[in-house]
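Student: Below are the chains, spelled out letter by letter.
2 protein chains.
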Amino acid sequence: MVSSKAVFLERFGLRVPIVQAPMGGATTPAMVAAVCEAGGLGSLAAAYLSPAAIEAQLRETRRLTSRLFVVNLFVPFIDPQVAADELERALEELRPWRERLGLAPAGALPRVERFEEQIVAVLRDPPAALSFCFGLLPPAAIDQCRAAGTVTIGTATSVAEARALEESGVDMICAQGAEAGAHRGTFDARAEPSGIGTLDLVPLLVDAVRVPVLAAGGIMDGRGIRAVLSLGAVAAQLGTAFLRSPESSIPQVHKDALTLIQSTVVTRAFSGRPARGLANRFTREVLSPVSFPLQNSLTREIRQAAAARGDVEALSLWAGEGAAMARALPAFDLVRLLTRELEEAEQR
Amino acid sequence: MVSSKAVFLERFGLRVPIVQAPMGGATTPAMVAAVCEAGGLGSLAAAYLSPAAIEAQLRETRRLTSRLFVVNLFVPFIDPQVAADELERALEELRPWRERLGLAPAGALPRVERFEEQIVAVLRDPPAALSFCFGLLPPAAIDQCRAAGTVTIGTATSVAEARALEESGVDMICAQGAEAGAHRGTFDARAEPSGIGTLDLVPLLVDAVRVPVLAAGGIMDGRGIRAVLSLGAVAAQLGTAFLRSPESSIPQVHKDALTLIQSTVVTRAFSGRPARGLANRFTREVLSPVSFPLQNSLTREIRQAAAARGDVEALSLWAGEGAAMARALPAFDLVRLLTRELEEAEQR
Numbered sequence: 001m002v003s004s005k006a007v008f009l010e011r012f013g014l015r016v017p018i019v020q021a022p023m024g025g026a027t028t029p030a031m032v033a034a035v036c037e038a039g040g041l042g043s044l045a046a047a048y049l050s051p052a053a054i055e056a057q058l059r060e061t062r063r064l065t066s067r068l069f070v071v072n073l074f075v076p077f078i079d080p081q082v083a084a085d086e087l088e089r090a091l092e093e094l095r096p097w098r099e100r101l102g103l104a105p106a107g108a109l110p111r112v113e114r115f116e117e118q119i120v121a122v123l124r125d126p127p128a129a130l131s132f133c134f135g136l137l138p139p140a141a142i143d144q145c146r147a148a149g150t151v152t153i154g155t156a157t158s159v160a161e162a163r164a165l166e167e168s169g170v171d172m173i174c175a176q177g178a179e180a181g182a183h184r185g186t187f188d189a190r191a192e193p194s195g196i197g198t199l200d201l202v203p204l205l206v207d208a209v210r211v212p213v214l215a216a217g218g219i220m221d222g223r224g225i226r227a228v229l230s231l232g233a234v235a236a237q238l239g240t241a242f243l244r245s246p247e248s249s250i251p252q253v254h255k256d257a258l259t260l261i262q263s264t265v266v267t268r269a270f271s272g273r274p275a276r277g278l279a280n281r282f283t284r285e286v287l288s289p290v291s292f293p294l295q296n297s298l299t300r301e302i303r304q305a306a307a308a309r310g311d312v313e314a315l316s317l318w319a320g321e322g323a324a325m326a327r328a329l330p331a332f333d334l335v336r337l338l339t340r341e342l343e344e345a346e347q348r
Numbered sequence: 001m002v003s004s005k006a007v008f009l010e011r012f013g014l015r016v017p018i019v020q021a022p023m024g025g026a027t028t029p030a031m032v033a034a035v036c037e038a039g040g041l042g043s044l045a046a047a048y049l050s051p052a053a054i055e056a057q058l059r060e061t062r063r064l065t066s067r068l069f070v071v072n073l074f075v076p077f078i079d080p081q082v083a084a085d086e087l088e089r090a091l092e093e094l095r096p097w098r099e100r101l102g103l104a105p106a107g108a109l110p111r112v113e114r115f116e117e118q119i120v121a122v123l124r125d126p127p128a129a130l131s132f133c134f135g136l137l138p139p140a141a142i143d144q145c146r147a148a149g150t151v152t153i154g155t156a157t158s159v160a161e162a163r164a165l166e167e168s169g170v171d172m173i174c175a176q177g178a179e180a181g182a183h184r185g186t187f188d189a190r191a192e193p194s195g196i197g198t199l200d201l202v203p204l205l206v207d208a209v210r211v212p213v214l215a216a217g218g219i220m221d222g223r224g225i226r227a228v229l230s231l232g233a234v235a236a237q238l239g240t241a242f243l244r245s246p247e248s249s250i251p252q253v254h255k256d257a258l259t260l261i262q263s264t265v266v267t268r269a270f271s272g273r274p275a276r277g278l279a280n281r282f283t284r285e286v287l288s289p290v291s292f293p294l295q296n297s298l299t300r301e302i303r304q305a306a307a308a309r310g311d312v313e314a315l316s317l318w319a320g321e322g323a324a325m326a327r328a329l330p331a332f333d334l335v336r337l338l339t340r341e342l343e344e345a346e347q348r
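Protein chains in written order, with the working numbering: chain A, 1 to 348; chain B, 1 to 348.
Hints are computed from structural coordinates only; laboratory data are not their basis. A portion of the hints provided could be inaccurate.
When chains are identical, the list treats them as one kind, so a pair holds in a single copy or across two.
To be verified - Below, computed lysine to any residue pairings styled on SDA-like, alpha-carbon distance capped at 20 angstroms:
#1 5 x 128
#2 5 x 341
#3 5 x 347
#4 5 x 192
#5 5 x 330
#6 5 x 344
Predicted, not measured: the structure shown is a model, and the values here were computed from it.
Here chain A stands alone, though its shape is the one from the complex (with noise of 0.2 angstroms):
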């Protein structure tokens, strides 16, 4: 019998089932071309991105390897109900922190790009994957990509939520357990995260779906993967194990906060939703952001003033819970070093 990894890793043509996770602000092509090469599946982080940017992006990814690679996308959202006494409280407790970093008082705010303009420009020149998280892709999307080739994954911490994925015809599932970095990919914003762990919610979407669980939390090294492995995931989703590495586009002071890690939180204050990361004084001081995504919209200038600045009390330090194992190395020679840590770990 053929495994679900084999056929996974033949699907990708991969060397190693290690998907190196989307993430907006650090994944750079320069990171996915580098996982891609060294024989992983890179991920572009296109939900924040312009239909232009996606573009531009995708060609310079397409410059750097001729190997396979995944987009990742919000699902749309609707434009959330925010009453002004509500949105002026969350305004007043952003203007210190303005001020701090030496901005001009709040003035029209950024653009939110729009699933339907993006998802239009990532499928021009299709990618071989569409990975996505929030909630179900719009069932014209699912058909879309399918005519396209371009295989999708849903995100789920949730067994409820896995399964609602595999009704909406997806083709494969991300666990993310609660050990994940940045955001929760939990469908309901409002809700209390599911807290579930990545060792648990593994073999829980693997028996609960019949479509391949990728899983992702809190997996560093070749350790991990090989446990995750072992828990009938076909596959390793790994993010904070790059942040450290030169294509991470994070701050320095970034990188230089999680060799330092002790815990992490799970924090509303930057985005409106839920999203883990070290503590800081923004995430311990600011206590009434507004929904999503107007939140991560009206703190925009602040966290690139603070990243421009290396102000680490004003930055988002996304982390996930294995943080401190993380290894400051070039993208490729990780994907290598990971390579021969779970060929190691097989042997054992």
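Knowing the structure of chain A, use the given hints to seat chain B on it.
Tutor: Positioned in the frame of chain A, the structure of chain B alone reads:
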């Protein structure tokens, strides 16, 4: 090179690196003996027992098996300083629960067993190992165990706790990931319990200490056992997996609730210490517990009456995050099944 896992198996004469977790209120001498007879390592939960009851359970276990087993205790604690108004509030909050269950108003509190007396009872005929949680053993107790040939196994939920345990002279450390059911082993009862999952905690501890690391939390079947062995653990400790066995002394309504489980919560309502279980009216409404172990004493009659009546809203429904995967099998059969599943996982 002989692996640490092989050394562990050899040390306790095991066929398989499976430890049955000590569970107060669930573990019985019959469960411990069945696990041992099947080739695993059973653990008696002695923390809530009087010295006389400990001796009786040790005798009963030895009558049922000649194999080695573990006894578990809590570390000694200082009686909590509870202000009169705090105690008043806690009693007031519990009053309707006593009424609901037909209990007379709260009278004298049950005696809290003293570690110093329990350890004497345990070591009268020394077991193969003493495992413990909530902190460090006093140096004298470590010395007593060493003199008796009893292996000491401390419980850690973070790297800092593991380092402190190693420094204190324990022989092994059990890494308790956030998925684990019932009490978090966190040293500081007042702190937010560490939420780090088993998938990250095990490799972090394996890298941080030199003593062997056991893995606990979220391990439900052969896939999970193989996973934590991949992470570097010498053995897998399973608790929730045994909760539905006929040897488990939890009420039938608790066993039934496990099959319907959707998610778990961490609550201090029952004991004053954070512990994971199913949410019910008690966890939602009892919000002013006093410190451990006083709250545990205050709720004892309530829990006993709820168990007798099968009142699922007043019971402590301890469960790990993987409880939906627990199987209703005799403990002996479960260990044999886990052994076969592990062998299959090894061959994949």
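Student: Hint by hint, say whether it matches the structure.
Tutor: Tested hints:
For a Cα distance limit of 20 angstroms, the shortest separation of residue 5 from residue 128 inside one copy, 17 angstroms, qualifies, whereas the shortest one across copies, 42 angstroms, does not. Within a single copy, residue 5 and residue 341 get their C-alpha atoms as close as 18 angstroms, and across copies as close as 19 angstroms, so both meet the 20 angstroms cut-off. In this homomeric assembly, residue 5 and residue 347 come within 20 angstroms of each other (Cα to Cα) both inside a single copy, at 17 angstroms, and across copies, at 14 angstroms. For a Cα distance limit of 20 angstroms, the shortest separation of residue 5 from residue 192 qualifies neither inside one copy, at 32 angstroms, nor across copies, at 39 angstroms.
In this assembly of identical chains, residue 5 and residue 330 lie within 20 angstroms of each other by CA distance neither inside one copy nor across copies; the values are 26 angstroms within and 34 angstroms between. Within a single copy, residue 5 and residue 344 get their C-alpha atoms as close as 18 angstroms, and across copies as close as 16 angstroms, so both meet the 20 angstroms cut-off.
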